[in-house]
Amino acid sequence: MRFQKLNAGLLPAVVVFWGVLAGCEKNPAEAQPENPQELITTVLVRVWDEPDSVHTHTFAFRDLDGPGGQPPLVDTLHFHGHAQSWRLSLEFLNEAKEPTDTLTAEIRREAEAHQVFYELSPELQSSVRIERLDRDRNGLPLGLQARVTLQGYEERHGSLRIRLFHYDAEPKTEQPGGETDVDVTFPVHIMPD
Amino acid sequence: MGMHVLVVLCAGLSAAMALPRLEVRLSDSAGTPIPGARLLLEPLHQGAITNRDGHALFRELPVGEYRLTVRALGYGPAEYVVHLRRDTVLQLVLAPGAVALPEVAVEGNRISGEPTLSISPPLFLAPREVDVHRGQTLGELLRQLPGLSTLSTGPAIAKPVLRGMTGERLLVLTDKLPLYGQVWGAEHAPELDPLVVEALQVLRGTAAVEYGSDALAGAIRVIPKPLSMQPGLRGELRAEGISVNRQGALGLWLEGARGKWGWQMVLSARKAADVETPQGLLANTAFDQYSAALRLQHQLGVHTLLRGRLQLYDARLGIFAGMHLGNLSDLERALRAGRPLVQRPRSYAIEPPYQRVRHRLLELTAEQELPSERRWELVMGWQQSWRQEYDAHRFWNDSLQALFGARPAYDVTLTTWSLRSELEQPGLFSGRLHAVVDLRRQGNVSEGVQRFVPNFLSYLLGGALWQEWFWGRWRAVVGLRGDGIWLSVWRSVAQSWRKSSYRWSGGAAMVSLQRKWLRWDARAGIATGWRPPTVVELYANGVHHGAAIFEVGDSTLPPERLWMAELGLSAHSSRWHGDAAAFLYWFPRFLGSFPAGELILTVRGAFPLFRYRAVPAVLTGVEANLQGELLPWLRLEGQATVLRGWEAEDGTSLYGIPPAQLRLRVHAHGPSVSLLHLPFAELTMTAVAPAATAPHDYAPAPPGYLLWDAALGGTIPLGVTELMLVLEAQNLFNRAYHSAMSRLRYFAAEPGRSISVRLSWRW
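Sequence lines, in order, name chains A and B.
Position 180 (the first sequence) corresponds to 180 in the numbering used here; numbering is contiguous.
Position 45 (the second sequence) corresponds to 1045 in the numbering used here; numbering is contiguous.
Please keep in mind that the hints were generated in silico from the structure rather than gathered at the bench.
A portion of the hints provided could be inaccurate.
Using C-beta positions, here's what the derived DEER-type ranges look like [said to hold, decoys possible]:
hint : chain 1 : residue 1 : chain 2 : residue 2 : range
1    : B       : Arg1339   : A       : Glu174    : 18 to 24 Å
2    : B       : Pro1588   : A       : Glu174    : 39 to 45 Å
3    : A       : Pro192    : B       : Gly1338   : 34 to 40 Å
4    : A       : Gln125    : B       : Ala1701   : 33 to 39 Å
5    : B       : Arg1333   : A       : Arg62     : 23 to 29 Å
6    : A       : Lys26     : B       : Leu1567   : 44 to 50 Å
7    : A       : Glu119    : B       : Ala1687   : 40 to 46 Å
8    : B       : Ala1701   : A       : Pro51     : 53 to 59 Å
9    : B       : Gly1597   : A       : Gln125    : 27 to 33 Å
10   : A       : Pro171    : B       : Leu1662   : 42 to 48 Å
11   : B       : Pro1588   : A       : Gln125    : 48 to 54 Å
12   : A       : Gln125    : B       : Gln1279   : 34 to 40 Å
Given the structure is predicted, the values throughout are model-derived calculations rather than measurements.
From the three backbone atoms N, C-alpha and C, an ideal C-beta is built for every residue, glycine too.
The whole structure should be built from the sequences, with the hints applied where relevant.
The structure is reproduced here in structure tokens:
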């Protein structure tokens, strides 16, 4: 008898409990729509010799499947010793999207919150100089455009680290700060003329 | 209105050779039980709350003289002197209109107690202690107990750590229902406001037989106020102010009953600004938190009780802006700076990065007394944990930012259905036998920009049996459990939807033996348990921004297996109580994230690679607890914990093991002075040893430190109501220190001096 009483009280409660709550759950077996991935897959470095702009080269750091998975493909930057002064321009792309998303214009528009830093490995520091050419409205460097000056004609190997910082929570200064959006290192080969 | 107390002495045979127990049965003059009354037994400083039958049990008390304080709503506080010789039932009949008896002499009676399945007795934080030390988080409250610490991420997020284990190894129960949330993350704390906590019980060692693989390290039970069937409206208002982050908190508890229905409602709200350290403010550590609970109880016939509970929790927790890292260079820059890189004036604003955490819980419970001293309980639960984590990072493109910028980086919803049936009946030969069946269904859906945890659905079926026996001075407990788990995982791989399935089964067992003498007892036990790998351990693949590491799961991980042994010794007198436990955990397979010794290259730089692996590991330590009455008004309490954990293969330290700690407290309490009842003052010293530096850590482990805390307070009766006042100062000397168990340790010092004021008005 006691069990009958219990069942009489419990059953309706259980049915309501089960019925109402089952509707509050999404099905894990169904894929949810993906939100856009804010991904930089590709850093393009375009260089051309400043005197005549005849020799234009494009080098890339490319990681199409994003962090993890396949390792990124990284080109070696080549500079011919025939020209002492080269111009360098950066482009940031998301090639995982169709069509490819170009992020460079956005960075230029938000120049007050971005800055690119170039860092040469010790082997190159005496023979290569990099100067950033573009600035934001406050007069601080932006760094999407730069000039590479070679000092000497001998062959050298080294690397160039390119970092893009995003100053969101803290004010932009001439120092690296905020959050690192891009941090890539290219091998560099300076070829004798 | 005063209080009239009738004492009924129940004399009987004393067959117990063990230390005596004291059972208090509280009722009003009409014989209605008074649940939820708070009892405090001095000088042992043991607390208890009466259950729904108005009963409370103090176990294993040394023979001697005690002072028992009874505080029941509507009756005002009262103190008794109890001469305890043997097992005793003390029946207190409360009625308005007369005076308390000053002294009670009692005789013995045999009491059957609930068997405890842990090798060492469970730790208990009594209501009075909870009232005095109730902090900002559940974890902070638990730090009062030996062997417990917290893994914190700023002031609002503190994960309880028991003997160096947390998350998927440590279960948190609210009342009788496990709290199911996203426990895998170091910055994911239990979804509970400490204002709704009445008392806490910690099952240490392992609770794998009682609760299965989620409780390999033990279980923390958050005990609510018991529901009453007494007519009338009762309530309590709790208010708190905390200076270190300009925090205000308010809690309201209301209770009433009519006929065969009883109800209880608890509301709480909390709002805090950025926290202050001796080295400055921590930007964006503001938070707010709201919770509500409604409980209903219905007496069905004489033997059946039905209960229902709806509980809601909603919090926005700011994450310290200075610890948001793009890559390893950001971390190195923050380490070099030596002070928080992001500064802002103190604010209540919560900006990205922050967490929005919502938890909804519904519980139905049926309890039934059956013939032949059997008891059956059914607990059904539904709960949904919805966690959204917002990144500080902006979209590159303004139009994308406008469209999707408000979307969280992580958006995970975990829904859990659970059903537990427990039958308790007279055991084989003697004692009580418990039989448990557990069923659980758990589904997870990920919707954020990043899918760190894939979608999954799991089913669990488990069964357990345990029994306690007594032979003279010996006590033995044996428990067995088996579980089967089915898991399906769905992931998005190369733009297709891929399903993986797993099936695991495993067993847990424990044996414990205890021998008692008049003033000593010794215990020894062994236990084994297991847990399946979590979905994160199987499928993690991404950058952990707070730690600047790249974590990769292993979809072929085997289940974790644990063997543990524990030895315990307790000594009692009527003025002193000491308790020590030494334990050894041997994991033939310990699942964890370990450095792989290589870097992974991404467009944001190189990150150290950590892989989830199963490695043999050892965890060992000692906990000791001593409390005694130096003078009738002065009590000394001491706690010490030493813990070491290492990988068995190469002997390297396990990450996240709390350093050794010693806590000493002097507590003075005086007689009631005019309006102020039970006044007290206490001074606490906490000494923490330097932590072991884990391999491949970015910075040496922080040095040791010494902290001082102080508290004073008392109770003011206001008619039949009472007002409790507590003033507490933490980090009294505003010491700048870094905690090895804080995820902010690379970037900032822990909070500085904090003055808290706590008021609770009961009527």
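Verification of the supplied hints:
no.	hint	verdict
1	B/Arg1339 <-> A/Glu174: 18 to 24 Å	holds, 20 Å
2	B/Pro1588 <-> A/Glu174: 39 to 45 Å	violated, 56 Å
3	A/Pro192 <-> B/Gly1338: 34 to 40 Å	violated, 46 Å
4	A/Gln125 <-> B/Ala1701: 33 to 39 Å	holds, 36 Å
5	B/Arg1333 <-> A/Arg62: 23 to 29 Å	holds, 27 Å
6	A/Lys26 <-> B/Leu1567: 44 to 50 Å	holds, 49 Å
7	A/Glu119 <-> B/Ala1687: 40 to 46 Å	holds, 45 Å
8	B/Ala1701 <-> A/Pro51: 53 to 59 Å	holds, 57 Å
9	B/Gly1597 <-> A/Gln125: 27 to 33 Å	holds, 30 Å
10	A/Pro171 <-> B/Leu1662: 42 to 48 Å	holds, 45 Å
11	B/Pro1588 <-> A/Gln125: 48 to 54 Å	holds, 53 Å
12	A/Gln125 <-> B/Gln1279: 34 to 40 Å	holds, 36 Å
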